[in-house]
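Colleague: What follows is each chain in one-letter form.
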Amino acid sequence: MSSAALYGYCGAILVGLGLYGVIARPEILRKILAFNVLGTGVFLLFGVFARRGAEAGLRADPVPQALVITGIVVAFSATALAVALLIRLNKDTGELVIASDDSAESGKQRVRQ
Amino acid sequence: MRLVLDIITVVLVSAGGFFFLAGTIGLLRFPDTLTRLHALTKVDNLGLGLIVFGLLPQVESRLDALKLTTIWLLVQMSGAIVSQLIAQATRRSGRQT
Amino acid sequence: MTLAFACEIVLAGLLLAIATWTITARTAFAAIAVFMVYGLLLSIVWVTLSSVDVALTEAAIGGGVTSMVLLGAASALRGSKGAVASLSLPFKITAGMLCALVAAALATVVFFLPDVAPTLAPVAKENLAASALGNPVAAVLFVFRALDTLLEKVVLLLALVGVWSLSSDRAWGGVPELRLYKSPSPILVFLAQILPPIGIIVGIYMFWAGASQPGGAFQGGTVLAAMWLLTMMARLQDVPSTNAPWLRLLLVVGPMAFLAAGLAGFYFADSFLAYPASIAKPLIIVVEATLTVSIGVTLALLVAGPPEKVPQQ
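As they're listed, the protein sequences go chains E, W and V. Using the working numbering, you'd call the opening residue of the first sequence number 12 and step up by one each time. Using the working numbering, you'd call the opening residue of the second sequence number 77 and step up by one each time. Using the working numbering, you'd call the opening residue of the third sequence number 7 and step up by one each time.
Derived from the structure by calculation, the hints contain no laboratory data. Errors might be hidden in some of the hints.
[As the list claims (entries may be wrong)] Just some of the chain V residues that point at chain E, by a computed CB distance under 10 Å:
(1) L22
(2) A31
(3) L119
(4) A127
(5) K131
(6) L157
(7) V161
(8) L162
(9) L172
(10) G222
(11) F224
(12) T304
(13) P312
[Said to hold, decoys possible] Calculated pairs, DSS-like style, for lysine-lysine (alpha carbon to alpha carbon, straight line, at most 25 Å):
(14) K118(W) / K143(W)
(15) K287(V) / K131(V)
(16) K102(E) / K42(E)
(17) K42(E) / K98(V)
(18) K315(V) / K102(E)
[Unchecked claim] Interface residues of chain W toward chain V, partial, derived using beta-carbon atoms under 10 Å:
(19) T146
(20) V158
(21) L161
(22) Q164
Even glycine gets a Cβ: it sits at the ideal position worked out from N, Cα and C.
Construct all of the structure, not just a fragment, from the sequences and the given hints.
Modeller: Structure representation (structure tokens):
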């Protein structure tokens, strides 16, 4: 097993871990954290492809590296927007989770302007 | 000459690694925040300093040596200031762990 | 089994353990603190994969600014009394099995990767001389796939507009509520006086060196954003009002310069975002400089959050 393949398996497990966190943690902040772990797992897989593409005197293929840099910045933008939405949701309704449809009908939301 | 430099590097980096280990054991085993902060300062100052000094014989230009030393000084400064801030916050909040 | 490979196995194991700790930590604060460690460990992994530009970006943005935003959220939500019902065990087991399936599928893909990897490295290397840059990743970002970078910068701006639009109507154009101490500790003020001059030089150096060595506009811009946030947190500078003209100008000067260079490509070269060969490198450096400033301001404002205080008329 080469070192690139080792990190490939690592990235695959990270994707699984992050996906489990997004599904199984009810609090939105933990879902955002798990989404970031999921994203970094995917980027690690890209890094494996970059490392395996080492040729022509370069230690790693530059095109997947550029894609990962773009991905990291976009993931941060999404995280910042999601966090702002979460804080606003908490300010308006006092909840830390997104209520499912049936409990929303029971009038638990107090929307303050 | 090359061999002497390599031996210096191995000895100093190993000593730095030992201080890292000691500081981490302190972080995990000490009972409260203030003593843990005290253990971590050993890591910042001595551990990183020994590693940087151990890497200095291996650099190719004086500018790289300057960059390594600057990194060590910046880590020391930020470590010291953050330790003070954490200690102040701990005392203000009254909790000890 | 060489020593280097044994170290890499330990590193990968540590990474997985830290990721599991982030997902399963009991309090949000512990999860975010461990996530910071995760980001820094991951940047070491990137260096091991010979992708130093990505390592810098991951340490700065992935481990640094993301953790700042999440910490701000955790402290804003700390006093909330919302009830959280945890999910049932069969649901968790099913979810766990499905996620294990996804992970296994990806691992199978990694296992069956072709022996000869397809790569664009030779193509990038031979076109590198035409772009007059020394760093192949910078060449890909700003010359070969410049459209992606332009759109990425616009995504950052759109996220900022989205965050600003979450303020109430009266507070639109006001001052963001960056959570500050009432009176910052003198030590924090000391740090905010000593560190920013050094940090600004480091940020500019990272951008300037990015043309020929690992670095670039995003990494340098993040360091500049961090220095500005530090001075704002120590109350050495006020958080600016979001309808200040100079602020909005700084936000858009980067993408506008990039877009202008791209449109000028219609006249002076072949197509959109094509650079004329004679002035390619100076043009890229100028566009990158404005982009660094814009990225710094945008990232700092994304951390600061939506405007809260009503603007003074």
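Colleague: Determine which of the earlier numbered hints do not hold for this structure and return their numbers in increasing order.
Modeller: Of the numbered hints, all hold.
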